[in-house]
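Take a look at the letters that make up each chain.
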Amino acid sequence: MTVTMQAPDLMPQLDADAEMKLCVADLSVYYGNFQAIKHASLRVPENCVMALIGPSGCGKSTFIRALNRMHDLAPDVRVEGTVTLDGEDIYAKDVDPVTIRHRIGMVFQRPNPFPKSIFENAVYGPRIHGVRNRKRLMEIAERSLRHAALWDEVKDRLDKSALELSGGQQQRLCIARVLAVEPEVILMDEPASALDPIATSKIEDLIGDLKKDYTVVIVTHSMQQAARISDYTAFFLMGELVEIGNTRDIFFKPRDKRTEDYITGRYG
Amino acid sequence: MAMSAAAGRIGTPDTAARRRATNSLMTGILWAAALSMIGLLVFFVGYILYLGAPVISWHFLTSPPSEVEAGGGIGPEIYNSFYILILTLIFTTPIATAGGVYLQEYARPGLFTSVVQFCAESLSTIPSIVMGLFGMLVFVDLFHWHFSALGGALTLTILNLPALMRVTQEALQTVPQTYREGSMALGATKWQTIRRVVLPSAIAPLTTGVVLIAGRIIGETAALIFTAGTSVSVGRSAYDLGLFHQAETLSVHLWYTHSEALVPDVTNIGNGSALVLLVMVLLFNISARLLGRALSKRLTGK
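Protein sequence lines correspond, in order, to chains S and V. By the numbering used here, the letter at position 263 of the first sequence is numbered 263, and the numbering carries on one by one without gaps. By the numbering used here, the letter at position 81 of the second sequence is numbered 81, and the numbering carries on one by one without gaps.
Worth flagging that the hints you see were computed from the coordinates, not collected in a lab. Take the hints with a grain of salt, since some may be wrong.
Said to hold, decoys possible - Beta-carbon label-pair distances, calculated as ranges:
1. I286(V) <-> R132(S): 33 to 43 Å
2. E121(V) <-> P75(S): 46 to 56 Å
3. I286(V) <-> K38(S): 19 to 29 Å
Claimed, not checked - Pairs of lysine to aspartate or glutamate, DMTMM-like flavour, derived with a Cα cap of 25 Å:
4. K190(V) <-> D94(S)
5. K190(V) <-> E105(V)
6. K190(V) <-> D256(S)
Glycine included, C-beta positions come from ideal geometry on N, C-alpha and C.
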């Protein structure tokens, strides 16, 4: 694993760094009266993979869903603080969350292909964004399916239902579906947790490949996975962002006692 | 001692035997209940078939009814039943589906939503005869439409709106939340998500719901007696699309012949009409289910 030895400062600074794709400052998320995320701040540099780790219920999924305004869909969830994409506040009043989700795509924990054909799943994004030309849609479908390492397995049955695919194939289709809308950031919420080891390793290889073109933030409950695929790691515990740094530093010389306890297996 | 190790040690052979007996008994009772449903249906259909089949003839199915002599048919009534059914569905389906989509997909819990739900539930408990009298006051008297197909269809629309709205809500509830999230996370708007993912995924239960409502509409009588009327041919062809013509349906005809008509062959007409009504509902159910399956296959690739 190659890691930049000179770690950029991942905590927000007053002079916003142009290299940073995403900046989260003082983010709190409430479910009703319960505060699930407590004043978290971090920055994600462009073209890297950042892993969010922590025990179950620590708020890492809640955190990642705040990054593309998915919480807007649920009543009773309140988000405070700022999240900026290329310096632009995604929670600003005049920002349409639909545009944000176009630029920041998301892959979910359980594969959720639509009950449509493989082809229709792949081109769902382009279609809703107005691409009608059949030839152009076909090109997009092939390119995204190839990029998601699924093309060879499905090229002869694009008109078959996506629900007939295996779980791992479905998840790669969901990744292809996100790639087809060409977002800038891809959020992944435990994308391999419902998959077997072989499917998991395919997804991991794919993530390593994706960072050439995209910025990836991934939630994982597997520390080994975080170690294998990420450049940076953030450790959450009970809604608090405890520590953030180069993945190697987090695993080999954590600064916080709680991080060390988690890494060495002292909590869940 | 750990619970798992003790699991096999508590209890006695005696309690085990009793538990087994209770289990068998309950299985038997539930099986019998299910069987009695099938038995009742088979008996009912068989009996109606036995009584009605001898009455059915081409003449009976296509001729107009007779006022005083024996030998009248039910042709116009069959036509009117479908005409009013289709009119009602044309009015009901868009409003009820849109209302259901609003309540399920857009409305946030609050006063307005509760009020809409409460009104729908209250509306759905109003007996159909009350709705028929209301329809008479409004469409027949107030609007001076007299007895009309349109008045009947609108009365049935009010009667069935809440149920179809509920059906729509329930159909939408079967669509996993993950589909909505997946679509929204790709930058789709709420409406695109509903139109391209949610509604196509719910098409099978939606169609089934519409069919169930359609069965109720075909069989509805009380709401039509005073709105669509008990007559079919007042100076016109019995088969036309006149919205303001009287339009006695088959189920109304069944009631009318038995309560007010002078014809001597009431029993025959009743038996035949009942059979035709039953077959109509059955055919409608089957074809609409096939349609739902075909639509679902086309829209969702399943």
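Results for each hint:
1. I286(V) <-> R132(S): 33 to 43 Å: holds (38 Å)
2. E121(V) <-> P75(S): 46 to 56 Å: violated (22 Å)
3. I286(V) <-> K38(S): 19 to 29 Å: violated (59 Å)
4. K190(V) <-> D94(S): Distance of about 18 Å is within 25 Å: holds.
5. K190(V) <-> E105(V): Roughly 9 Å separates the two Cα atoms, so the pair holds.
6. K190(V) <-> D256(S): Violated, because 43 Å separates the two Cα atoms, which is more than 25 Å.
Of the numbered hints given earlier, the model fails hints 2, 3 and 6; all others are met.
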